[in-house]
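Asks: Put chains C and R on the given structure of chain Y with help from the hints.
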Amino acid sequence: MKRWITGLTEPVDILPVVVSLVPATGIFFLHVIQLRPNRVAEGQSFGIWELSLPLLPVVLLVMTGLVLLVAARFVQQAEIPALLLWAVSIGIVPWILFHMAAVELAERGELSELARVSPGGGVWIGLIAALAAWHELLRSSRGRAKTFFVAALLGMVGFVIAQLVAAPLDRLSYLVEYNVRAERFTQELMQHMRLSGSAVGLACLIGVPAGMAAYRHPRFRDAILDATSTIQTVPSLAMFGLLIAPLAALSQASPALRSMGVSGVGATPALIALTLYALLPVVRNTLTGLSVVPRSVRESGQAMGMTRRQRFWMVEMPLALPVVIRGVRTAAVQAVGNTTVAGLIGAGGLGWFIFQGLGQAATDLVVLGVIPIVLMAIAVDRVFQLLQQLAGRGGSGVK
Amino acid sequence: MIGFHEVSKRYGEKVAVSGLDMTVENGSVCVLIGPSGCGKSTTLRMINRLLEPDEGMIEVDDQYLRDYDPAHLRLKIGYVIQSVGLLPHMRVWQNISLVPRLLGWDKPRRRERAEELLEMVGLEPGEYRDKYPAQLSGGEAQRVGVARALAADPPYLLMDEPFGAVDPLTRASLQQSFREIQSRLKKTVVLVTHDLDEAIYLADRIALMKDGVLQQFGSPAEVLTHPANDFVREFVGSDRMLRMLTTVELEALDGWSGTDGSRPTLRDALSQLLAGENQTVRVGLRDGNEQELSFDGLRELVQA
Amino acid sequence: MRTLRLGVLVALLVVVLVPAIYGPLARALFPTESAHIYQRVSLIALFGQHIVLAGFATVGAAIVGVSLGVLVTRPSGRSLIPLVRDLAALAQTIPPVAVLVLAVPVLGYGTEPTVLALFLFSVLPILGNTVTGLQQVDPALLEASTGMGMRDWRRLIVTELPLASPVILAGVRTAAIISIGTATIGATIGAGGLGVVIIAGLVRDNLAFITAGAAASALLALIVDWFFGLAANRVIRVQQGDGAGRGARR
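From first to last, the protein sequence lines are chains Y, C and R. According to our numbering, the first sequence is numbered sequentially starting from 1341. According to our numbering, the second sequence is numbered sequentially starting from 4. According to our numbering, the third sequence is numbered sequentially starting from 38.
I should point out that these hints are in silico values taken from the structure, not numbers from a laboratory. Even for Gly, the Cβ is constructed at its ideal location relative to N, Cα and C. Among these hints, one or two may not hold up.
If you want the ones that stay clear, here's a sample from chain Y, every Cβ over 10 Å from chain R, calculated [to be verified]:
1. Leu1361
2. Gly1449
3. Gly1461
4. Met1654
Derived CB-CB ranges, DEER-like [said to hold, decoys possible]:
5. C:Arg182 <-> R:Leu108: 23 to 29 Å
6. R:Leu127 <-> Y:Glu1390: 51 to 57 Å
7. R:Arg274 <-> Y:Val1637: 32 to 38 Å
8. C:Pro111 <-> R:Asp189: 46 to 52 Å
9. Y:Leu1471 <-> R:Val45: 44 to 50 Å
10. Y:Gln1642 <-> C:Ser265: 58 to 64 Å
11. R:Thr40 <-> Y:Gln1642: 40 to 46 Å
12. Y:Phe1369 <-> R:Leu108: 24 to 30 Å
13. C:Arg69 <-> R:Leu108: 27 to 33 Å
14. C:Val216 <-> R:Asp189: 32 to 38 Å
15. Y:Gly1495 <-> C:Met60: 42 to 48 Å
16. R:Arg77 <-> Y:Gly1449: 46 to 52 Å
17. C:Gly129 <-> Y:Gln1650: 54 to 60 Å
18. R:Ala72 <-> Y:Gln1592: 16 to 22 Å
The shape of chain Y in the complex, shown without the other chains (with noise of 0.2 Å):
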């Protein structure tokens, strides 16, 4: 960035200018609210330029000054109310602006009893802007300061869930189609968790003592390894598919396994397919994971006595762990997304909500399946993380 705009010597950082523009960007330029009659009807974009909202200008220009006024601030180390003023204005003015316009909607009288509305490219854009910003803040920030960074946060979000539930919020998209639905909601919910936790679980059961094995083994190293990338490999709907001719004509040869629910379609080749996803990360993390126990720590178990099984499971295995459920963390976050595939081959799970939101045209379904998942994914990999980093904790510091 130019010296002449700063007046400094120091070069400028680049990320909170960028974030800082783009919100500005996406809401002059693009649109800020999509009204549908219906669920399958053409939407209809407005831009703020084409509403009459009010306090409009005085809000642009705060944002527009805010800006500027930080984006050269920030070199100077900002003072902490500045940095919670510039991140809760690019978090909130879409926002209110989205609300705005939904409010100036309903007066027109534009919201009848099936219309919705859904936040345009410009509210998406300040979002994603907004994440990054308050990504930054937490990431480089510490105790006091992060406090009230977070209490912001939390005030933001929840003075989002509060607008949501009264009119004309309620009118969200996204809302108005969980509420036809909830209930199938809820039960494709179900089924996904069970999906994914099943699998994961299964290649728990099956990797953990492979992975030992090809520990023990080193002759069985590389087929197992072998085996299972290249089970990563196959597209998993391909994967998926593979494996329906074969199970239904097991099914149709066995009444017994019939009987238990095994099946060409449906959850048994997804659940199938999505162990042996799960199984690479997790059979590969517990390899590594008791390789790099240091030779001296395992000579020391030796010296005092321990016998071979002794040493396995008080010395190696607790070592090992942060790096088990590392591979652990992988396979559940990748299960959570195969299991999206799985709605297409009847298996159901969230998956069924896209899918049928795509052949219906209807983009509201198809973002009330996405949603959930991407969501879930991200809680599961925080949640193996706070294991992994409690499992660490114990140890020697194998990474």
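Replies: Quick look at chains C and R alone, frame taken from chain Y:
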């Protein structure tokens, strides 16, 4: 020549180099030495503009460094660092001929030059030319590093602890090779080391630094016999006269067996005297004379 | 051994793609199906589409990802590195399907949106790997290169990129495999590719179709991976491994 004029460099609060003023004559070896953090490496890296001084001016060949384009300057200055920095994805000859390649030499000329240099640093060209750095031992890699620095025949050579990372035997061999090459090529060399013996062996001039300030700038003999202040005195140690012995070379020494190419010094003569039962030992001096050297005679020669 | 594996894969692929061979095989395996060869489009054409989809996306992502990675590791872009790293980590958490599907409201249905979504999704792992690869180059090598008179551009091409190439290549490989996998699902948003056959089979309950499409896409992925494996070995050999520039080799 390389001239420092009141050069200073700071890192925030810490002063790395302060008021450095000295001149390195063409064709001489100047060794920068001192305790850790004395500013010797910083000084070295200001010569090829990897660092810029905060105050003062440095000139090379009667032109101020500031007037040179940095990359252009560095092509004229060979640079050898302790970890060598050979590019692992290139063969030895390709590594050596990197600067010529930057200068636009054609391939046959580069290969030829690489082989020439390998021979100069004591590595059999046929054997080493096509090897990869991973296949070299520490000493071999160092030699290749020196060859690389000399490839474009630069008038100047900067070396930062070049022989530090190898075992003592290899180091001695490398130092000896360096002396031979230098006696042939007469480059202007600035070398950083923390090893006083190495400094004494290799230097025409020693620049002893402490906390960024130049303590003494003189020949090894001067520094050893006339330390400028208490710090220098302490640094060279109370056994400085023993060190002084190594600065006087002899043409021949009775009963001495050394590696070829190296010459005996007064230190070896003393060693012989101490080991034997005679009062004297037969030596041949550099001026051609021969002498039966006694302990007193030894003292005379050293103090001269 | 490796060549044998490639041979087997290619042979199987031929079996599946060529109607003259697959027809009789399918009839033998799935006697009860009404149709055995997908008639609307030839499997070979779909195969070609699939390669184009994933190929364009991966090549584009490689160009953009490596360029951005280089820019971010230059002094002026340093402040963006933590964000890039976290974005790459986040991208690993988000299912590729989600990105593909979310592209629809924004970009519509068809081939272009699919390629774009694949491209966007592939950029992050490549970018992340480029940054990691460039950052792990031994600083001594960088200093030696600058010290001998290389300008920044030169140094990038002669020293940094070659040494970072194994990691970068691994990123491109990952991106390619994921692209092939996700492109399979692209059939649901009208993109063509081998997924079309699988979906057709699912809809009509036809095992012959399902197996053909699934096998073809699986084999495509495995064959592409084989080639990447070859490239990876070649690159590592040129590298001659583990920081060999350090002189201290005992």
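Asks: Determine for every hint whether it applies to the structure shown.
Replies: Against the structure, the hints:
No beta-carbon of chain R is positioned within 10 Å of the beta-carbon of leucine 1361 (chain Y); the least distance is around 14 Å. The non-interface label for glycine 1449 (chain Y) is consistent with chain R: the shortest C-beta to C-beta separation is roughly 26 Å, beyond 10 Å. Not every Cβ of chain R is farther than 10 Å from the Cβ of glycine 1461 (chain Y); the closest lies at roughly 8 Å, contradicting the non-interface assignment. With 10 Å as the threshold on Cβ separation, the claim that methionine 1654 (chain Y) sits away from chain R holds: the shortest Cβ distance comes to roughly 33 Å.
For arginine 182 (chain C) and leucine 108 (chain R), the hinted distance range of 23 to 29 Å is not satisfied, since their beta carbons lie about 47 Å from each other. Roughly 34 Å separates the CB atoms of leucine 127 (chain R) and glutamate 1390 (chain Y), a value that falls outside the hinted 51 to 57 Å. The supplied range of 32 to 38 Å is met by arginine 274 (chain R) and valine 1637 (chain Y), whose beta-carbon atoms lie about 34 Å from each other. Taking 46 to 52 Å as the suggested C-beta distance range, the pair proline 111 (chain C) and aspartate 189 (chain R) does not conform, at roughly 29 Å.
At about 47 Å, the beta-carbon gap between leucine 1471 (chain Y) and valine 45 (chain R) stays in the expected band of 44 to 50 Å. A hinted range of 58 to 64 Å for the beta carbons of glutamine 1642 (chain Y) and serine 265 (chain C) is inconsistent with their spacing of about 51 Å. For threonine 40 (chain R) and glutamine 1642 (chain Y), the hinted distance range of 40 to 46 Å is satisfied, since their beta carbons lie about 44 Å from each other. Roughly 25 Å separates the CB atoms of phenylalanine 1369 (chain Y) and leucine 108 (chain R), a value that falls within the hinted 24 to 30 Å.
Under the hint 27 to 33 Å, the C-beta atoms of arginine 69 (chain C) and leucine 108 (chain R), about 29 Å apart, fit the expected range. Evaluation of the 32 to 38 Å hint for valine 216 (chain C) and aspartate 189 (chain R) yields a pass: the beta carbon distance comes to about 34 Å. Range check, glycine 1495 (chain Y) to methionine 60 (chain C): Cβ separation about 59 Å, and the 42 to 48 Å hint is violated. Here the CB-CB span from arginine 77 (chain R) to glycine 1449 (chain Y) is close to 47 Å, well matched to the stated 46 to 52 Å.
Glycine 129 (chain C) and glutamine 1650 (chain Y) have their C-beta atoms about 57 Å apart, which keeps the hinted 54 to 60 Å range intact. A beta carbon spacing of about 20 Å between alanine 72 (chain R) and glutamine 1592 (chain Y) agrees with the range 16 to 22 Å that was offered as a hint.
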